[in-house]
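Trainee: First to last, the protein sequences are chains A and B. For the first sequence, numbering that gives the first Met the number 0 assigns the number 0 to the initial residue and increments by one for each residue that follows. For the second sequence, numbering that gives the first Met the number 0 assigns the number 0 to the initial residue and increments by one for each residue that follows.
Hints may be right or wrong, so weigh each one.
Claimed, not checked - Distance condition first, Cα-Cα at most 16 Å in a straight line; then the derived EDC-like pairs of lysine to aspartate or glutamate:
1. A:Lys471 / B:Glu107
2. A:Lys468 / B:Glu151
3. A:Lys114 / B:Glu151
Hints were generated in silico from the structure; no laboratory data involved. Just so we're clear, the structure is a prediction, and the values are computed from it rather than from any experiment.
So you can see what is in the structure, the chains are spelled out below.
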Amino acid sequence: MDFSHPQINNLLTNPLNFIHLINEIPLGVIILDTDRRVIALNRTFEALSGYSTSLARGIHCRNILRGAACISDCPVLKIDGDGRAISCKSDMININRQLLPIQITSAPIIDINGKTAGYIETISDMRTSEKLDTKKSLAYSFANIIGRCEQMEKIFQTLPVLAQSDVSVLITGETGTGKDLVAEAMHQTSERTSGTFIKINCGALPETLLESELFGHQKGAFTGAVENKPGRFKLAHNGTIFLTEIGDLPLSLQVKLLTFLDDKIIYPLGSTKGFKVNVRMIAATHRNLEQMVNDKLFRKDLLFRLNVARIHLPPLRKREGDVRLLLDYFFNTYKKKLGADIKGFSKKALTLLLSYKYEGNIRELRNIVEYAVSIANTPTIETVHLPAYLLEEPDYFKQESVDPVPEVENNATVTYAPPNIEEEVSEQGTWGQTEREMILETLIKTRGKKAEAARILGWGRSTLWRKIKHYKLE
Amino acid sequence: MQRFYKTESFYKRSLSIKILIIRDSINIFFHIYCCNIMIKRIIIPLCDDEVAPRFDLATEVMIAIISGKNTIEEKKNVVLPRSSPEDLCHRILAENISVLICGAIEDEYYQFLKWKKLSIFDNVSGKCDVAFERYLNDSLKNCDLLSERVIEGKNV
Chain A
0 MDFSHPQINN LLTNPLNFIH LINEIPLGVI ILDTDRRVIA LNRTFEALSG
50 YSTSLARGIH CRNILRGAAC ISDCPVLKID GDGRAISCKS DMININRQLL
100 PIQITSAPII DINGKTAGYI ETISDMRTSE KLDTKKSLAY SFANIIGRCE
150 QMEKIFQTLP VLAQSDVSVL ITGETGTGKD LVAEAMHQTS ERTSGTFIKI
200 NCGALPETLL ESELFGHQKG AFTGAVENKP GRFKLAHNGT IFLTEIGDLP
250 LSLQVKLLTF LDDKIIYPLG STKGFKVNVR MIAATHRNLE QMVNDKLFRK
300 DLLFRLNVAR IHLPPLRKRE GDVRLLLDYF FNTYKKKLGA DIKGFSKKAL
350 TLLLSYKYEG NIRELRNIVE YAVSIANTPT IETVHLPAYL LEEPDYFKQE
400 SVDPVPEVEN NATVTYAPPN IEEEVSEQGT WGQTEREMIL ETLIKTRGKK
450 AEAARILGWG RSTLWRKIKH YKLE
Chain B
0 MQRFYKTESF YKRSLSIKIL IIRDSINIFF HIYCCNIMIK RIIIPLCDDE
50 VAPRFDLATE VMIAIISGKN TIEEKKNVVL PRSSPEDLCH RILAENISVL
100 ICGAIEDEYY QFLKWKKLSI FDNVSGKCDV AFERYLNDSL KNCDLLSERV
150 IEGKNV
């Protein structure tokens with residue numbers, strides 16, 4: 000029997016391609032034999048787990064699904080002879096070492112004689128619903144983006160409309176303004192929500208790897224290509240692909256991306272046969288793409304194709320009234336998470352927090368609140384519980400610089416505040432950056448010896464390790 | 000009484016003896032140093048006789064000590080009181096383990112153990128002995144699926 004091309008007979012006149020059929024199901028699907036060995040996987044499960052059918056075929060399912068339930072309480076073993084499906088909540092670790100909450104539904108496959116011939120397992124990714132459970136009934140928000148200033152209200156009005164359309168979207172904004180959240184929210188509220196949401200950081204991978212990662216490759220296309228790889232575009236079929244840091248995409252790949260945007264066909268490396276994929280593209284960057292076009296670092300035609308609709312996320316310092324809202328939101332979140340018995344911020348601390356210019360935007364504000372809630376040992380958060388740099392150098396951030404992302408006029412969605420360069424503050428002034436430089440200098444001084452560096456900095460080795468990981472210094 | 004004169008040949012002989020002693024000491028020291036430095040402790044979380052599909056859910060581990068030219072000095076199975084990734088990380092550090100062969104491992108623990116300078120072969124599945132032998136032969140890789148591929152009792 001040819002396991003690589005399974006068919007369904009006697010359903011229609013001609014035999015049907017079984018893999019094509021299960022690929023269209025928006026849930027992860029695994030087909031197992033009676034010994035729980037993998038016969039076939041659908042595309043959604045491939046995207047979820049990172050294993051392709053060719054890699055997984057014939058392997059025991061617990062080594063492919065790697066769910067907690069597979070080890071402690073295998074749902075397939077609980078199926079009775081009556082043929083009813085069994086469902087349970089669990090988690091799995093995929094090939095990229097991510098722990099994902101899932102729901103497994105297992106059912107027997109019955110042959111024409113009424114005997115169990117195998118099993119079918121469907122895997123639902125529960126990340127979205129778990130997030131929604133915790134975030135529901137939040138006022139002044141869309142999905143999990145919070146804000147009530149005029150600019151954000153405009154964005155909240157525009158987002159659902161844009162989400163329902165299928166146009167390419169370019170999200171711009173400074174670091175920490177929530178570009179990733181907007182992209183994910185757009186996918187969750189679009190008609191593609193049952194499809195996969197795949198995020199790729201264009202700046203995180205070298206050019207050669209990125210091409211294979213995005214478009215896939217054929218077996219034997221280059222040394223080490225021992226298997227066919229579908230590529231992220233193919234895995235995101237019927238879903239959304241989110242290209243973050245699009246400004247860092249190498250020029251050669253910009254051409255390939257442009258070709259894809261034109262005809263929606265991908266050509267894996269080493270393949271002459273193209274695949275037509277139905278993917279919605281969302282791109283994001285903190286860079287000034289117009290400036291990059293002038294400097295010939297970004298293709299003008301690609302910018303035009305991506306820029307069908309643009310969402311510009313305003314920096315926190317321009318979002319009037321949102322600082323208080325976000326402070327309260329994060330305070331309540333961390334109070335609950337850390338089990339702290341704190342009533343709120345003291346008047347002095349609140350004044351300081353409200354007057355501070357958040358260079359790192361919402362990410363910085365969140366970190367400050369998390370720090371304060373962790374440190375505070377009094378009923379209210381005082382100024383001493385805030386990070387020292389807020390108190391020590393109040394004028395440190397008052398240098399002026401230009402916003403890296405310009406405000407762009409756009410017919411489809413103009414959701415930004417007018418540019419006000421004078422209000423902008425320096426990128427170089429964040430505590431994070433100072434701390435990063437401090438760690439770097441110490442590591443250079445100690446010739447990379449982390450234990451010695453930790454001693455000089457007065458931290459534990461674990462703290463230094465955490466910070467090195469946080470600032471991506473490795 | 001015959002007097003003992005320290006002739007030239009006497010000096011030459013004593014010098015060569017000294018050189019021999021120094022050479023032997025260096026050899027012994029080098030041997031001891033090499034034996035210590037080449038000792039590797041390997042841990043494989045287990046599920047029956049296979050590599051555990053999940054690092055965090057393993058309740059048994061195989062610990063092996065190899066020295067020099069991959070000679071197995073000791074090999075033992077340890078039953079853990081409970082499955083806990085934190086406890087397992089602690090045990091790995093306490094036992095001075097230098098190589099971890101495991102199935103699925105969460106990124107948090109992977110990064111931590113990498114930082115602690117462990118060599119990690121993750122996403123490995125199949126019989127523990129096969130994985131261990133492959134490691135000794137220097138042919139083990141990440142994501143190796145070592146178990147037999149069988150569908151409905153037939154190899155595929």
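Trainee: Would you mind marking each hint as holding or not holding in the structure?
Mentor: Each hint tested on the structure:
1. A:Lys471 / B:Glu107: holds (14 Å)
2. A:Lys468 / B:Glu151: Violated, because 46 Å separates the two Cα atoms, which is more than 16 Å.
3. A:Lys114 / B:Glu151: holds (14 Å)
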